[in-house]
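Enquirer: Single-letter residue listing:
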Amino acid sequence: MAERNATERPVEHASSLDPASANAAAWLDEHGDALWTYAMRCVGRRDVAEDLVQESFVAALRDPSRHRGEACVRTWLIAILKRKVVDHFRALARRPGVAELPERAREETSFTDRGTWAQPPADWSSPRVDPLDRAAFRRALSGCLSELPPAARAAFVLREVVQMSTPEVCEVLAVTAAHLHVLLHRARMRLRGCLESRWSPGGKGAC
Amino acid sequence: MNCRQVSRLVSDGLDRKLALHERLAVWIHLLYCRACAAYRRQVRMLREFARPPEAVTSSGVVSHESAEPASSHMAPDFDEPLSPEARHRIRQALDAPPSE
Numbered sequence: 001m002a003e004r005n006a007t008e009r010p011v012e013h014a015s016s017l018d019p020a021s022a023n024a025a026a027w028l029d030e031h032g033d034a035l036w037t038y039a040m041r042c043v044g045r046r047d048v049a050e051d052l053v054q055e056s057f058v059a060a061l062r063d064p065s066r067h068r069g070e071a072c073v074r075t076w077l078i079a080i081l082k083r084k085v086v087d088h089f090r091a092l093a094r095r096p097g098v099a100e101l102p103e104r105a106r107e108e109t110s111f112t113d114r115g116t117w118a119q120p121p122a123d124w125s126s127p128r129v130d131p132l133d134r135a136a137f138r139r140a141l142s143g144c145l146s147e148l149p150p151a152a153r154a155a156f157v158l159r160e161v162v163q164m165s166t167p168e169v170c171e172v173l174a175v176t177a178a179h180l181h182v183l184l185h186r187a188r189m190r191l192r193g194c195l196e197s198r199w200s201p202g203g204k205g206a207c
Numbered sequence: 001m002n003c004r005q006v007s008r009l010v011s012d013g014l015d016r017k018l019a020l021h022e023r024l025a026v027w028i029h030l031l032y033c034r035a036c037a038a039y040r041r042q043v044r045m046l047r048e049f050a051r052p053p054e055a056v057t058s059s060g061v062v063s064h065e066s067a068e069p070a071s072s073h074m075a076p077d078f079d080e081p082l083s084p085e086a087r088h089r090i091r092q093a094l095d096a097p098p099s100e
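In order, the protein sequences belong to chains A and B. Okay, so the first sequence: first residue is 1 according to the numbering used here, each after it adds one. Okay, so the second sequence: first residue is 1 according to the numbering used here, each after it adds one.
To be clear, the hints were calculated from the coordinates, so they are not data collected in a lab. A portion of the hints provided could be inaccurate.
Some chain B residues close to chain A (C-beta under 7 angstroms, calculated; not the full set) [what the hints assert, rightly or not]:
(1) 12
(2) 20
(3) 22
(4) 42
(5) 43
(6) 44
(7) 47
(8) 50
(9) 82
(10) 86
(11) 92
Distance ranges between label pairs, derived from CB positions [unchecked claim]:
(12) A/113 to B/84: 32 to 38 angstroms
(13) A/177 to B/92: 22 to 28 angstroms
(14) A/115 to B/23: 16 to 22 angstroms
(15) B/92 to A/90: 24 to 30 angstroms
(16) A/115 to B/92: 55 to 61 angstroms
(17) A/113 to B/92: 54 to 60 angstroms
(18) B/88 to A/62: 39 to 45 angstroms
(19) A/83 to B/31: 41 to 47 angstroms
(20) A/176 to B/34: 20 to 26 angstroms
(21) A/48 to B/88: 17 to 23 angstroms
(22) A/112 to B/25: 29 to 35 angstroms
(23) B/47 to A/149: 37 to 43 angstroms
On a predicted model such as this, the values are computed, not experimentally measured, just so you know. Note that the Cβ used here is the ideal one computed from N, Cα and C, for glycine as well.
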């Protein structure tokens, strides 16, 4: 087990476990926070995120033979978690009413009757340079993501976080491409509005 | 084409290949509309920052392998790590014999 050498924290009560469980416990020590962060980014709810992380580790334990190559345990675990996230959204999208499009969405109010911006979008350009600003932006984005309506969040997360292709997302959410484009545009409009209220380039204060 | 229509095409352009006339319309509009240009920067930034830091593509292939900076990358993302209670619960689930 070469990856044990790379483990910095000791594995608790590893000796009482069979090798597969010991492996999984070490994986939990080392990669638990990473999976948790990823799951929270995707679903935005602690209880759901914890369930997804737990299911992922249990799935990893049941099928450790699928892991090949010691360097990429995290990649493998994240891939398992991604499948759980996709299943979660697949089930969510099939609940009645979730994927339906309201007649008039809130992003419509971003524009005047003539189709011009009611309030022009802010100029975001500085977080490329400042790491602290980048971290603040990431945190604000996670918060804003969790406040999106379910269908828009599912569409945005599958497309931009899980990085599936447009046809794949359509299949998971059982929607047409045209429907998905509306959901994604709606998600982006809401996210930019939300982020403008919580984050501004170079720290506090609007510019 | 007005800003409402152009903003929709700017978003669509991230998810499908725009038709030639659509690309032209967006390009011409962006020449004089700073607001829509700012919107385009915003949605590109949303894409950039939504991507998880460990750079794993949807096919599960690692695009650049870097084992150790990953955790420090992840750290500022959330104020709190996986809670001790959840960690404990998951550990118990891992210790339990498979239910199937």
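Enquirer: Determine for every hint whether it applies to the structure shown.
Expert: So, going through the hints one by one against the coordinates:
Hint status for residue 12 of chain B: holds, given a least beta-carbon distance of 5 angstroms to chain A, under 7 angstroms. Checking residue 20 of chain B against chain A by beta carbon gives a least distance of about 18 angstroms; that is not within 7 angstroms, so the hint is violated. Checking residue 22 of chain B against chain A: minimum C-beta separation of about 12 angstroms lies over 7 angstroms; hint violated. Of the supplied interface hints, the one on residue 42 of chain B holds, with its beta-carbon coming within about 5 angstroms of a beta-carbon of chain A, less than 7 angstroms.
Given the 7 angstroms rule on beta carbons, the hint for residue 43 of chain B holds: about 5 angstroms separates it from the nearest Cβ of chain A. For residue 44 of chain B, the suggested interface contact is broken, since its CB lies about 9 angstroms from the closest CB of chain A, more than 7 angstroms. Checking residue 47 of chain B against chain A by beta carbon gives a least distance of about 6 angstroms; that is within 7 angstroms, so the hint holds. Here the hint on residue 50 of chain B is kept, as its CB sits about 4 angstroms from the closest CB of chain A, short of 7 angstroms.
Among the interface hints, the one on residue 82 of chain B holds; its C-beta lies about 4 angstroms from the nearest C-beta in chain A, closer than the 7 angstroms criterion. Evaluation of the residue 86 of chain B hint against chain A yields a held restraint, the C-beta minimum of about 5 angstroms falling below 7 angstroms. Look at residue 92 of chain B: its Cβ only gets to about 10 angstroms from chain A, farther than 7 angstroms, so that hint breaks. At roughly 54 angstroms, the beta-carbon separation of residue 113 of chain A and residue 84 of chain B lies outside the given 32 to 38 angstroms, and the hint is violated.
Taking the beta carbon of each, residue 177 of chain A and residue 92 of chain B are about 44 angstroms apart, not inside 22 to 28 angstroms as hinted. One distance hint, 16 to 22 angstroms for the beta-carbon pair residue 115 of chain A and residue 23 of chain B, holds here, with the actual separation near 19 angstroms. Taking 24 to 30 angstroms as the suggested C-beta distance range, the pair residue 92 of chain B and residue 90 of chain A conforms, at roughly 28 angstroms. At roughly 57 angstroms, the beta-carbon separation of residue 115 of chain A and residue 92 of chain B lies within the given 55 to 61 angstroms, and the hint holds.
Distance hint check: the CB atoms of residue 113 of chain A and residue 92 of chain B are about 59 angstroms apart, consistent with the given range 54 to 60 angstroms. Between residue 88 of chain B and residue 62 of chain A the beta carbons are some 20 angstroms apart, a value that contradicts the proposed interval 39 to 45 angstroms. Distance hint check for residue 83 of chain A and residue 31 of chain B: the Cβ-Cβ separation is about 44 angstroms, which falls inside the suggested range of 41 to 47 angstroms. Taking 20 to 26 angstroms as the suggested C-beta distance range, the pair residue 176 of chain A and residue 34 of chain B does not conform, at roughly 34 angstroms.
A hinted range of 17 to 23 angstroms for the beta carbons of residue 48 of chain A and residue 88 of chain B is consistent with their spacing of about 18 angstroms. Distance hint check for residue 112 of chain A and residue 25 of chain B: the Cβ-Cβ separation is about 20 angstroms, which falls outside the suggested range of 29 to 35 angstroms. Judged by the Cβ atoms, the range 37 to 43 angstroms given for residue 47 of chain B and residue 149 of chain A is violated: they are separated by roughly 20 angstroms.
Figure legend: structure checked against the earlier numbered hints; hints not met, in rising order: 2, 3, 6, 11, 12, 13, 18, 20, 22, 23.
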